[in-house]
Amino acid sequence: MADVVEMPPEQSAPSIGTGIAVPQRGMSMESVEQSFGMPREKVGAVGDPPISRWVYNDFTVYFEHHLVLHSVIHKSH
1 MADVVEMPPE QSAPSIGTGI AVPQRGMSME SVEQSFGMPR EKVGAVGDPP ISRWVYNDFT
61 VYFEHHLVLH SVIHKSH
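Sequential numbering from 1 applies to the sequence shown in this note's numbering.
Please note that a few of the clues may not be correct.
As the list claims (entries may be wrong) - When the alpha-carbon atoms are kept at most 16 Å apart in a straight line, the in silico EDC-like pairs for lysine to aspartate or glutamate are as follows:
hint, residue 1, residue 2
1, Lys-75, Asp-48
2, Lys-42, Glu-30
3, Lys-75, Glu-64
4, Lys-75, Asp-58
If you're looking for bench data, these hints aren't it; they were derived computationally from the structure. This structure is a prediction, so every number in the text was calculated from the model and none was measured.
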């Protein structure tokens with residue numbers, strides 16, 4: 001049985017006017033950390049392929065292996 005990673009019910013993409021810059025698909029973990037700083041929380045990888053996430057104050061970044069898969073702006077924005 002495969003592991004399932006559930007994405008939170010948050011805004012799935014930056015909408016026009018949010019003014020929040022988020023990491024783009026394909027960026028490396030190193031590039032994200034250089035551009036956006038240390039995340040508030042790093043959640044370890046689960047599943048195959050391994051999916052991990054980094055939580056920042058305004059958004060969460062999902063990684064497949066070491067590359068950005070998706071960035072999600074938190075609903076309060």
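Comparing the hints with the structure gives:
no. : hint              : verdict
1   : Lys-75 <-> Asp-48 : 28 Å, violated
2   : Lys-42 <-> Glu-30 : 13 Å, holds
3   : Lys-75 <-> Glu-64 : 23 Å, violated
4   : Lys-75 <-> Asp-58 : 9 Å, holds
When the structure is compared with the earlier hints, violations turn up for hints 1, 3 and for no others.
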